[in-house]
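Enquirer: Build out the structure end to end from the sequences listed, making use of the hints.
Protein sequence lines, in the order shown, are assigned to chains A and B. In terms of my numbering, the first sequence has 164 at position 164, counting the first letter as 1, and numbering is strictly consecutive. Count along the second sequence from 1, then add 260; that gives the number in my numbering.
Just so you know, the hints here were simulated from the structure itself, not pulled from any lab data. Hints may be right or wrong, so weigh each one.
[Stated by the list, open to error] Simulated pairs of lysine to aspartate or glutamate, EDC-like, Cα-Cα distance not exceeding 20 Å:
1. Lys393/B to Asp22/A
2. Lys131/A to Glu170/A
3. Lys391/B to Asp164/A
4. Lys25/A to Asp389/B
5. Lys115/A to Glu341/B
6. Lys124/A to Asp389/B
[To be verified] Incomplete in silico selection of chain B near chain A, CB under 7 Å:
7. Ala314
8. Thr318
9. Ala336
10. Pro340
11. Glu341
12. Trp379
13. Trp390
14. Pro394
15. Ala396
16. Arg427
17. Trp435
18. Gly436
19. Ser439
20. Ala442
[Said to hold, decoys possible] Computed footprint of chain B on chain A; a stretch qualifies when at least three of its residues, placed anywhere within it, have a C-beta under 8 Å from a C-beta of chain B:
21. 40-49
22. 63-70
23. 99-107
Where is the CB? At the ideal position from N, CA and C, for every residue including glycine.
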Amino acid sequence: MAEASKTEGKGFDPKRRKALQDLAKHAAGAAVTAAALSGVAQQSRALPVTALRPPGALPEPAFLSACVRCGLCVEACPYKTLKLAEFGDGAPVGTPYFIARNIPCEMCDDIPCVKACPTGALAKSLTQIYKATMGTASLVGRETCLNMLGLRCDVCYRVCPAIDKAITLERTHNARTAKHAVFEPFVHADACTGCGKCEKSCVLEEAAIKVLPVILARGKGGAHYRLGWEEKRKAGHELVPGIVDLPDRMPEIPTGEVPK
Amino acid sequence: MSTKRTAGREAWTQHGWWTAHRWLIARRVVQFGFMVLFVTGPWFGVWIAKGTLASSLTLGVLPLTDPLIVLQSIAARHIPEFTAMLGAAIVLVAYLVLGGRLYCSWVCPINPVTDLAAWTRHRLGIETDWKVKPQARLWILGAILLTAALTSTIAFEFVNPITTLHRAILFGASWGLVSVLAIVLLDVFVAKNGWCGHICPVGAFYGLLNHTALIKVSAKGRVRCDDCMDCYAVCPEMHVIAPALKGEKTGAGPIIRSVDCTACGRCIDVCPERVFAFTHRFDQRADAASVDATSPHPKPLKAA
Numbered sequence: 001m002a003e004a005s006k007t008e009g010k011g012f013d014p015k016r017r018k019a020l021q022d023l024a025k026h027a028a029g030a031a032v033t034a035a036a037l038s039g040v041a042q043q044s045r046a047l048p049v050t051a052l053r054p055p056g057a058l059p060e061p062a063f064l065s066a067c068v069r070c071g072l073c074v075e076a077c078p079y080k081t082l083k084l085a086e087f088g089d090g091a092p093v094g095t096p097y098f099i100a101r102n103i104p105c106e107m108c109d110d111i112p113c114v115k116a117c118p119t120g121a122l123a124k125s126l127t128q129i130y131k132a133t134m135g136t137a138s139l140v141g142r143e144t145c146l147n148m149l150g151l152r153c154d155v156c157y158r159v160c161p162a163i164d165k166a167i168t169l170e171r172t173h174n175a176r177t178a179k180h181a182v183f184e185p186f187v188h189a190d191a192c193t194g195c196g197k198c199e200k201s202c203v204l205e206e207a208a209i210k211v212l213p214v215i216l217a218r219g220k221g222g223a224h225y226r227l228g229w230e231e232k233r234k235a236g237h238e239l240v241p242g243i244v245d246l247p248d249r250m251p252e253i254p255t256g257e258v259p260k
Numbered sequence: 261m262s263t264k265r266t267a268g269r270e271a272w273t274q275h276g277w278w279t280a281h282r283w284l285i286a287r288r289v290v291q292f293g294f295m296v297l298f299v300t301g302p303w304f305g306v307w308i309a310k311g312t313l314a315s316s317l318t319l320g321v322l323p324l325t326d327p328l329i330v331l332q333s334i335a336a337r338h339i340p341e342f343t344a345m346l347g348a349a350i351v352l353v354a355y356l357v358l359g360g361r362l363y364c365s366w367v368c369p370i371n372p373v374t375d376l377a378a379w380t381r382h383r384l385g386i387e388t389d390w391k392v393k394p395q396a397r398l399w400i401l402g403a404i405l406l407t408a409a410l411t412s413t414i415a416f417e418f419v420n421p422i423t424t425l426h427r428a429i430l431f432g433a434s435w436g437l438v439s440v441l442a443i444v445l446l447d448v449f450v451a452k453n454g455w456c457g458h459i460c461p462v463g464a465f466y467g468l469l470n471h472t473a474l475i476k477v478s479a480k481g482r483v484r485c486d487d488c489m490d491c492y493a494v495c496p497e498m499h500v501i502a503p504a505l506k507g508e509k510t511g512a513g514p515i516i517r518s519v520d521c522t523a524c525g526r527c528i529d530v531c532p533e534r535v536f537a538f539t540h541r542f543d544q545r546a547d548a549a550s551v552d553a554t555s556p557h558p559k560p561l562k563a564a
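Expert: Structural data, given as structure tokens:
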């Protein structure tokens, strides 16, 4: 067949030419598809700060490689907390999330959403709901919070499933009245699961306490930071023995010439 | 030109409405049935199959997972847990045995949509066609797997109209249905059977599982074919028919061997000469030329 088509000489083969053209056409089409889809995927990666993942969810980049968007966790949630994201919700389409201010996580003991997940996008290693880190509550409205104004609202503290562990009331001086106390709702990040009960129940028009993604709420110290007092405690002694204690300089009235 | 032939009309008049539509009706019933399995839970609180076509759990015991989505997840460097793997294995084996593209015709919720688009296109008499080869979808399948690997996300699920439609039916309509509308417009105005026949990477994947398909359509009565072309008119993958239908000249068997055949059975319905039939892949029987084969129109067989 090839010989018959090589009539035009110089090895020109129309069939081969056509096959190569088809190959190029399809490869180009595939490349365009991959490029467009990559663009969509990159654009859709970000999760809005108000959207929280179900308990046990893998950290965000890994979650999108594991979640098949089947909705089994959503159907397993007895409180209809979880939703599958639609276009326009901000969260990647089809992935499960919840908005604490709408319906917070009720922290079921048996964690049915994690049990329902077939892929491990919600990690089965989470067996105790109090170890979940869906986010971390943060008192962002320090000037609107009624407790911070010196009143006794205390609602976020009262509804917290980990009361006195995740939220405590810290008594400080009320500088405005000079004779009362301020009971500040204080979040202890290591005990906060990010369930959102505090944000849901905040009595303000816009919640003063909000559950934020862990990284936003907690900040993160440099990996190389060492806290001297902790290192000392761990080692059981001074890390730099024989440190020179320089004399403290005291303020003193300069003598001699007064500069002009 | 003035009296355009409507595919299936002759079969209808000769054999009755039921015989000319039975596989179409059967298919719609099965498609509807699959939807009912999933819908009763979220709609009425009666749980049969939980989840969606991406991954599901039927009656609390049977896990089923779309193997292509699992493959994308692995390409994105996540090894799914046992349940998803088992579910994918069950689906994989079932389709490898029965025929991968049965999914396209009998399960996929997009199929009724694209069938409607094909019907609309026919009724509007739209002839324009964008020349895309059926193998383009294999390249697109490669592209979505590559994208999953490059972005470390199951990227196709951001746009997949099949799961989008399924989720929309189960959990409420969404803007994602725009992708379904796009398919309709593509199929009606741009390319005949454009989505299912040329582009859909899910169909391409299930086509790869179609090589060992047990359930096949056979052109066993091909001696009776009078070239009315009705089967070509209704077939969503019309290139699959000729090798079997005209196989006597080339010595090919009557079984439609192409992996692109979705075994929808519409050709069986519309053929006035009752050429086609469902059978298994090892059935090489073909009807002998009947005694009155010399007459242009053999006596129609009475439907059983």
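Enquirer: Against each hint, give a clear statement of whether it holds in the structure.
Expert: Hint check results:
no. : hint                 : verdict
1   : Lys393/B to Asp22/A  : holds, 9 Å
2   : Lys131/A to Glu170/A : violated, 24 Å
3   : Lys391/B to Asp164/A : violated, 69 Å
4   : Lys25/A to Asp389/B  : holds, 17 Å
5   : Lys115/A to Glu341/B : holds, 12 Å
6   : Lys124/A to Asp389/B : violated, 51 Å
7   : Ala314               : holds, 4 Å
8   : Thr318               : violated, 12 Å
9   : Ala336               : holds, 4 Å
10  : Pro340               : holds, 4 Å
11  : Glu341               : holds, 4 Å
12  : Trp379               : violated, 27 Å
13  : Trp390               : violated, 12 Å
14  : Pro394               : violated, 11 Å
15  : Ala396               : holds, 6 Å
16  : Arg427               : holds, 6 Å
17  : Trp435               : holds, 4 Å
18  : Gly436               : holds, 5 Å
19  : Ser439               : violated, 9 Å
20  : Ala442               : violated, 13 Å
21  : 40-49                : holds (count 5)
22  : 63-70                : holds (count 7)
23  : 99-107               : violated (count 0)
In terms of the numbered hints stated before, the structure departs from hints 2, 3, 6, 8, 12, 13, 14, 19, 20, 23, listed from lowest to highest.
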